[in-house]
Amino acid sequence: MKIKIVKDGPYIVSGGVPLRESVITPNGNGYVYKPGRPLPQAETYVLCRCGKTSTPPFCDGSHRSADFDGTETASREGYHKRASRLAGEGLDMLDDGRCAFARFCHREDGDAWELTEDSATPHHRAEAVQAANDCPAGRLTAVEKDGAEHEPDYAPGIEVLQDPEEEVSAGIFVKGGIPIESADGTTYEVRNRAVLCRCGKSENKPFCDAQHIVEVYRDR
Numbered sequence: 001m002k003i004k005i006v007k008d009g010p011y012i013v014s015g016g017v018p019l020r021e022s023v024i025t026p027n028g029n030g031y032v033y034k035p036g037r038p039l040p041q042a043e044t045y046v047l048c049r050c051g052k053t054s055t056p057p058f059c060d061g062s063h064r065s066a067d068f069d070g071t072e073t074a075s076r077e078g079y080h081k082r083a084s085r086l087a088g089e090g091l092d093m094l095d096d097g098r099c100a101f102a103r104f105c106h107r108e109d110g111d112a113w114e115l116t117e118d119s120a121t122p123h124h125r126a127e128a129v130q131a132a133n134d135c136p137a138g139r140l141t142a143v144e145k146d147g148a149e150h151e152p153d154y155a156p157g158i159e160v161l162q163d164p165e166e167e168v169s170a171g172i173f174v175k176g177g178i179p180i181e182s183a184d185g186t187t188y189e190v191r192n193r194a195v196l197c198r199c200g201k202s203e204n205k206p207f208c209d210a211q212h213i214v215e216v217y218r219d220r
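Each step along the sequence shown adds one to the number in the numbering used here, with nothing skipped, and position 7 is 7.
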């Protein structure tokens, strides 16, 4: 399984990666995913990266007429070099700042940062771990005081995200350690969680930086 980024073009997904649409849905003070529309499955498929396609989430070649600039600007440094550490009472949390504004860091009793700071409380500790694990961008990682890191057990897959609460279409949730190959042939650090931009406006390409909110990007 692999995602290949085409220079100023789309994402080519190979290896039979399961594809589905998921809808970010409010649930109390937090969020859950609900199933979206069914999407066709294939051994290889091509996903739009410029935000102009008429056949979302698939590429229709619109990047050519749109003169799309897909230059990759994201850091190539590994997560642990980029991330800062927040020390809590019973748990720490790593944060690399890559936010796709999916808002799963919010829980009933507070956000991931507040819960980590108050992680001496067993319930808040468990909620802090869940808040970090649910971040699709992989921005947050809950870390035990002995250094053990929490990470959800994801099978490889791709979820095209919709965000009706914000009235926008969101990024592409890549999970389960699928390699992402740059247009220059190098491979980004393989991560269990990442969100790729599909509105074409991210300033941290290929990763989502929530510009779909600013641009009010809708794929249909």
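Quick caveat, the hints were computed from the structure, so don't treat them as lab data. All values derive from a computational prediction rather than experimental measurement. Think of the CB as a built atom: it goes at the ideal place given N, C-alpha and C, for glycine as much as any other residue. Treat each hint with caution, since some may be false.
[As the list claims (entries may be wrong)] Pairs of lysine to any residue, SDA-like flavour, derived with a Cα cap of 25 Å:
#, residue 1, residue 2
1, LYS81, CYS99
2, LYS2, ASP219
3, LYS4, ASP111
4, LYS81, THR186
5, LYS7, GLU114
6, LYS7, ASP60
7, LYS201, GLY61
8, LYS52, ASP153
9, LYS4, THR44
10, LYS2, THR186
11, LYS81, GLN41
12, LYS201, ILE180
13, LYS34, CYS99
14, LYS52, GLN41
15, LYS145, ILE180
16, LYS52, GLU203
17, LYS4, LYS201
18, LYS34, LYS145
19, LYS201, THR25
20, LYS81, LEU47
21, LYS52, SER22
22, LYS201, GLU114
23, LYS145, ASN133
24, LYS34, TYR45
25, LYS201, LEU86
26, LYS7, ASP111
27, LYS201, ALA120
[Stated by the list, open to error] Simulated restraints, written as ranges between beta carbons of each label pair:
#, residue 1, residue 2, range
28, PRO40, PRO122, 24 to 32 Å
29, GLY90, THR55, 33 to 41 Å
30, GLY177, SER75, 16 to 24 Å
31, LYS7, GLU203, 17 to 25 Å
32, ASP69, VAL190, 42 to 50 Å
33, ALA148, THR71, 15 to 23 Å
34, ILE12, GLY177, 17 to 25 Å
35, ASP109, THR55, 20 to 28 Å
message = LYS52 and ASP153 were given as a pair; does the straight-line alpha-carbon distance stay at or below 25 Å?
response = Cα-Cα ~33 Å, so violated.
**Asked** Is LYS2 within 25 Å of THR186, Cα to Cα?
**Response** 12 Å, holds
Holds or violated: LYS81 to GLN41, with C-alpha atoms at most 25 Å apart: Cα-Cα ~36 Å, so violated.
- Is the hinted pair LYS81 and LEU47 satisfied, with a Cα-Cα distance of at most 25 Å? 30 Å, violated
Does the Cβ distance between LYS7 and GLU203 fall inside 17 to 25 Å? About 18 Å separates the Cβ atoms of LYS7 and GLU203, which means 17 to 25 Å holds.
- Has the given pair, LYS34 with LYS145, been kept, meaning a C-alpha gap of at most 25 Å? It is violated: about 34 Å lies between the C-alpha atoms, which goes past 25 Å.
Take the C-beta atom of ASP109 and the C-beta atom of THR55, compute their distance, and say whether it sits inside 20 to 28 Å. 42 Å, violated
I want to verify a distance hint. Is the separation of the beta carbons of ILE12 and GLY177 within 17 to 25 Å?
Once the Cβ atoms are compared, 18 Å apart, the range 17 to 25 Å for GLY177 and ILE12 holds.
Point to revise | Supplied distance hint 33 to 41 Å, evaluated on CB atoms of GLY90 and THR55 | key: Given about 49 Å between the Cβ atoms, the range is violated.
Self-check item: Satisfaction of hint between GLU114 and LYS201, Cα-Cα up to 25 Å
Solution: At roughly 31 Å apart (the allowed maximum being 25 Å), GLU114 and LYS201 break the hint.
Sort out whether LYS201 lies within 25 Å of LYS4, counting only the CA atoms.
With a Cα-Cα distance of about 19 Å, the restraint between LYS4 and LYS201 holds, given a limit of 25 Å.
Item checked: Restraint check for LYS201 with LEU86, where alpha carbons must lie at most 25 Å apart -> Not satisfied, since the Cα-Cα distance of roughly 30 Å exceeds 25 Å.
Figure legend: structure checked against the earlier numbered hints; hints not met, in rising order: 3, 5, 8, 11, 15, 18, 20, 22, 25, 26, 27, 28, 29, 32, 33 and 35.
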